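Q: Below are the chains, spelled out letter by letter.
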Amino acid sequence: MPISTRDPFAALMILVLVPALAAADEKSGVEIYRQKCLSCHGESGTGTEDYPRPLTGDRSVAQLSKLIAKTMPEDDPGTCVGEDADKVAAYIHDAFYSTLAQARIKPARIELSRLTVRQYRNAVTDLVGSFRPAPAIEPGRGLKASYYKSREPNEGQKAFERIDPMVKFDFGESSPDPAKLEANRFSVLWTGSILAPETGEYEFCVTTEHATKLWINDSRTPLIDAQVKSGDDTEHRATIALLGGRQYHIRLDLSKAKQGVDDEKKKNPKRKPKGVKASISLEWKPPQQVGSPIPERNLTPARSPEVFVLTSPFPPDDRSVGYERGTSVSKAWDTATTDAAIEAAGYVATHLRDLAGTKDDAPDRDAKLKEFCHKFAERAFRRPLDDEQKAFFIDRQFAEARDAETAVKRVVILTLKSPRFLYREIGGSAPGPYEVASRISFGLWDSLPDQPLLEAAAKDELKTREQVAQQAERMMNDPRTHTKLREFFLQWLKVERGPEIAKDPDLFPGFDPAIVSDMRTSLEIFLDEVIWGSSSDFRQLLLADYVYLNGRLASFFGAEVMPDAPFQRVAMDPNERSGVLTHPYMLSSFAYTATSSPIHRGVFLSRSVLGRGLKPPPIAVSPLAPDLHASLTTRERVTLQTSPAACMTCHGMINPLGFGLERFDAVGRYRSQEQGKPIDATGTLETRDGGSEPFSGARELAQKLSASEETHTALVAQLFHHTVKQPIRAYGEQTLPDLRKRFVDNQFHVRKLLVEILASSALADPRQVPEKTDATATVTPANTNNPLSP
Amino acid sequence: MAHTGNRREFLRELGIGMAAVPFLLNLPSLGFANQQKRKQRLIVMFSPDGVVPKTFWPDEAGDQFSLKESLSPLEALKSRTLILNGVCDKVRGDGDNHMRGMGCLLTGVELFPGNIQGGSDTPAGWASGRSIDQEIRNVLQADPATRTRFGSLEFGVMVPDRADTWTRMVYAGPNKPIAPIDDPYQMFAKLYGRAKDQESLKSILDDLGDDLKKVSTQISAQDRQLLDEHATFVREMEQELKDAGTAALDHPVPELEPGVKEQNDNIPKISKMQIDLMVNSFAADFSRVATLQYTNSVGDARMHWLGVNEGQHELSHRPDSDEDAQTKLTKINKWYCEQLAYLAQKLADTPEPGGPGSLLDNTLIVWTNELGQGNSHTLDNIPFVLVGNGLDFKMGRSVKHKGLAHNRLLISLAHGFGHHIDRFGNPDFCAAGPLPDLT
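Residue numbers (this note's numbering), protein chains in the order written: chain A, 1 to 790; chain B, 1 to 439.
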C-alpha cells in the first residue's frame, strides 16, 4: 500500500512513529522548559524575582510557538525554534498558560462579598423608600402645567392645564394665552418627576425675569428660592446629588407679578402698565454633560415620593478584575459605612412621621416605632428575623435607649453596620428562597428585593429556573434595570467615566464641550434604543447604519438636520458607518487631540469586544510625534513605532484591528485621505485559534466581529460579571458555553441574556466545587478582564 | 442653662469620635496656636419696628447719663454700654423703608431693583453688597490665627419661613442673603450633631461586635478572613472613640429644654436657648461673629407674656399721641433690651478660655433696628446700642451725633478688628471715614 499523506491511517502512523524515532536525541516540552525557560519563568510559570510576571494568557499553541521561536529565550532568541518551540508551547499551554489550565490549578469559587458602593447606595435608598408609596411609572413624558390668573398658584384661579414637553418659553410681553390670562399677572405651576439617568451631582438652573421657585425631590424646602427677583439676577443655580435610575419629584413655580404687598387694587385702571417681558427655561447639567434644557425624555407628569439619597462619600470598589466587586474590606470603607449609617439614621429620625406613619403625640407611637424598626431590619437583612434576632436588634435597643427616637437611631445604625446587611450573603449553605430573591434583585437592580420577590420567597416559589426567570422578566422594565444595563454597556465601551475629550481647536474648530456632551447623549440614546427595542439585538450595536443627531451635532458633522432640532435618528451611508465602532463619541474618545489613534481603538476592540487579555507594554513608550514624521500617515507612523518584535506580540493583534477605523479622524469625521495619501483601512482579525481574517473598513470589521464566537463569549462573560459580581468559572465550566448558546439561540437578545444569566446563577450553591475542568473542552472561556491576565 | 461639668466629662458622656475632636474642641491646630493674639468677637442683635424715642434715648450726652425705661435692663452693665444717637441710614433707592432698613442696615448699600413690592415706593430685590459681619468674618477666616470652625453663626428667633427682603439682613455678597437658623434644635445639631451621633454609635458597638461574632461562625473558613478583617476595623473604631473620650478639656455644653415648638408664645424660651447656644459656641471658639435676629423687619410678635396682645408692627404704626401704644411699645423694647442684658451678662460671667478676663471683655454686641421709629418709618436715628469691650471703644457713654451716615459705624466695626477699610457700602456716605468719638 503506497504511503500517502491523504491516507488517514498513514498519517496516524507518522504521528506515532516520528516521536519514537526522534526520542533518542530530542527532548520533551517539559524538559525544554526546564532547560531554557524555568530560570526566568519559574516553576509552573509563576515567575521569578527578575521576571515576576506569571506566564498566563490567551494565545493559541500555534501563536505561542511562533512567539517563542521569534523571541525566546530572551538572551538568545532563535535557539528554540521549529518542533522544540511547538513542544514547549504545547507544554506551557496545557500546564499553566491557558485559562483552562489556570482554572485547573486554581478553581474559582463564589467568594464572600460585601455590597459594592453602588449596591450600598441603592439598598439604603430602597430600604427607606419601601416605607413610602412606590413612584408612579407612566409612559407619558413632559410635565403637567397649570396656568393661573392669580399671582400665585391658586386652585380657584386656574385658567387651564396642559402637558408641557419642556420648560422653555418666551412669552414676550404677552401672556401664555392672551384669551385667558392677563399679560402682567399670571402664575404657572409645573409638576411631575425628573428621571435621573446617572448617579452624581446635578446642577439645575432656572432662568427667568420673574419670581420663581424650584423643588427637586424634597417637596418642602425649595432647591432654588428666587421669589425675590433682584437686579439683573435672572439665572438661579443649585446643585443636588441624585442616584441614577430613579425618578424625583419636581415642582417649578413662576409668578409674573409684583411680590410682597399686593397693590393690585390700588392700581389706576386708566394707566396702562408698560410692557414687561417674561420668559423661563429650566435647564440641568447632569454628571459629565454640559447644561441643556431638561429634555422631554427625562420628564414625566407622574408623581414621585421623596427619595432618600445618601451623600456620604465611599472609597471606590475594587475593579481590578474588570467589574466592581466587594471581596475586600478596608478601614476607609468601614468608616464610610459608619458615616453612612449615621446619615441614614439622621434622615430616618427626621422623617419618622412619614416613614413610620405615626405622629409625635400618638398614644401608640412606641409600638408603631418598634414595628417600623422590625420591618426596617427585616428588609435590610432581606429575610424575616427569628425571635432571637428580633430581641437583639429591636427589643434590646428600645429597652436600653432613653427615648424612642434614640432607639430608632440605634436600630438603624446597628442594622446598617451589621454584616447581615453589609454582605451579600452569609452562611455557606445551599441558597434558600431569600438568598435567591436577593441574587435576583441585586443582579438586576443592585438593590434589595422588592415586596413581590419577598412574597415569592416566603411562599418558597423561587426554586426553579423558570420561577427565577419569571421574576426577572417581571422586574426587567424597572428604571433600575435600565440603569444597570446602561452602566454595563458604557463600561463595555470603556467610556463609563466620561473621558475628558479635547481637540486641537485649529484643526477642529467648533469642537467644544457641548459637542462632546451631545455625542455622549447620542451614544446613550443609541444604546437605549438597541437594548430596549423589541429585538434587543446585540449585533445591532455593531451593525446599525444610523446615528442619533441633534441640530448642533448634525451641523458639526455636516448632516442635514434643522439647527435647533432635538435628537433624531439619521441614516448614514452603511459603507461608512457601523454601530458603536464608528460612533463619533467612541472615535473621538479613542484618539489624540489632533490625530486618530489606531492603537487605542485596537485595544478597545481587542479587550472589550473580543475579550482578549492584553499585557501592558513591556517598556514605557510615548507615541511618535506626528511632526517628526511629517510625511507619514498615522498608520505608517504606528507601524513604524510598533515594529520591534517585543511590541508586535500584542500590536500584531491590536494594530490591524485599529487600522480598520482609519477612515475616521480624531473627532470621528469621515475622511478618505490623510497627508494627501488615500486611507488604507484594511486590516486583519487575528482569531484565538490562530486564524487571520482580512477585512477592509469599519463595516467589514463590524460584520466579522458581530459574527465572531469570541465576541459573543466575551459579551456573555462580561455581562455575567457585571450582573453577578462573582467569577463565571465558579459556576461550573459549562455555564459560559451554555449561556453563549442560549444567547445565539435567542437571536442575541440582550435582555433575554440577562434573564438567562440570573436563571443560571441564582440557584447555584456556593459550597459546590465546580466540576473538574475538561481539558478537551472545545470552547475556551473568554479571558476578558480576567484576574489571571495582568 | 449650661451645666458646668468639664470638657472631659462632657466628652465622655457624648463619646466624641476622633474626627470630631479638633472641630469640637478647637484643639491646638486651631485654638492654641494664637493664644498670644487676643480673640475679638462681634455680635449683631436685631429687633424690628423702631423704638419709642422718648423712652429710649438718654437725655444727656457723655459719661453722666441715666437710662430710660426701654434701656433700664442695662443698668448693671451701664459702664460697658455705649449708646449712639444721631446715626442714620442714608441709603435710598428702591424698596420701602422697612425693606431698605433691613437690607441696607449691615450692608450700607442700595437694594437692587426687583419684584418685591413694599407698602409704598418702588419694588426692590436683595441688597447689592455684603454685610459688615460677613466682611469681618471673611477677614478672620482668611487668617489661620483667627480662623474658626464656622466663621460666623446666624441665629434667629421666630423668623418667618419665607425668604425676602424683610427677613434677611445678613449677606454673603450681592444677591446672597444668608438665612438665620431660628430653630434652636437645628442650631444645636449644627454645633453638636456629630457628638450626638457618636453617642448613638458608641451605644451599639458591643452589640455590633456580638453580631459579627455570631455571623462569623456561620461562614466557611475561606471566607472568615474577610470578616475577621472587618471585625478588626470595628474594634479600632471602638478604641478611637475611647481615646477621644480622654483627650478632652473644659467645655460646658448647654442642655436644651426638649420639645419647645416654634410658636409665638415660646419666643422667650427660644430666645434664651439661642443665647445660651451662642455664648457656648463662643466659649468653644466655634465662631467669633454671630448675629441674632428677632422676627423680621415688620416683625409682628405678640408679647402676651408682657400683657401685650396686639402685634408689635400693628402697634408701631399708632401715632405718638396714643399713650397705650407708646407704653406697650416701650414694654416690648424693654423686653428686647432684657435679652441683650442677659446675653451680655452671660458673656461677662463666662471666663475667656485660655486668657484673662471674660468673654464680654473681648466681645462687642451691637443692638440695632431697621427703623428709628415705627409710625414715621424714619431711617434717621437708627438705634445703635453697643455693649462689651471687644473693640476697645470707650464705653459707659451716651453719644449724640447729628445725622451721620451709619456706613461710618460699619467702617468703625471693621477698624476695630484691624481691618482698615476706607469705605463700606455706598462710598458717597463713607468719605468722612470711621465714626468720630468712639475710642
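Hints in this document: simulated from the structure, not taken from any laboratory.
Each hint should be verified, as a subset may be incorrect.
[Stated by the list, open to error] Derived DSS-like pairs: lysine-lysine, alpha-carbon spacing no greater than 25 Å straight-line:
1) A:K359 <-> B:K242
2) A:K106 <-> A:K70
3) B:K37 <-> B:K54
4) A:K331 <-> B:K269
5) A:K375 <-> B:K214
6) B:K331 <-> A:K331
7) A:K390 <-> B:K213
8) A:K213 <-> A:K168
9) A:K368 <-> B:K78
10) B:K37 <-> B:K68
11) A:K375 <-> B:K213
12) A:K370 <-> B:K196
13) A:K375 <-> B:K202
14) A:K158 <-> A:K144
15) B:K331 <-> B:K54
16) A:K331 <-> B:K334
17) A:K390 <-> B:K269
18) A:K359 <-> B:K214
19) B:K334 <-> A:K359
As the structure is a prediction and not an experimental result, all values here were calculated from the model.
Q: Are the hints correct? Go through all of them and say.
A: Here is how each hint holds up against the structure:
no. : hint              : verdict
1   : A:K359 <-> B:K242 : violated, 37 Å
2   : A:K106 <-> A:K70  : violated, 30 Å
3   : B:K37 <-> B:K54   : violated, 42 Å
4   : A:K331 <-> B:K269 : violated, 44 Å
5   : A:K375 <-> B:K214 : holds, 21 Å
6   : B:K331 <-> A:K331 : violated, 60 Å
7   : A:K390 <-> B:K213 : holds, 17 Å
8   : A:K213 <-> A:K168 : holds, 15 Å
9   : A:K368 <-> B:K78  : violated, 56 Å
10  : B:K37 <-> B:K68   : violated, 38 Å
11  : A:K375 <-> B:K213 : holds, 23 Å
12  : A:K370 <-> B:K196 : holds, 21 Å
13  : A:K375 <-> B:K202 : holds, 23 Å
14  : A:K158 <-> A:K144 : holds, 13 Å
15  : B:K331 <-> B:K54  : holds, 13 Å
16  : A:K331 <-> B:K334 : violated, 57 Å
17  : A:K390 <-> B:K269 : violated, 41 Å
18  : A:K359 <-> B:K214 : violated, 36 Å
19  : B:K334 <-> A:K359 : violated, 39 Å
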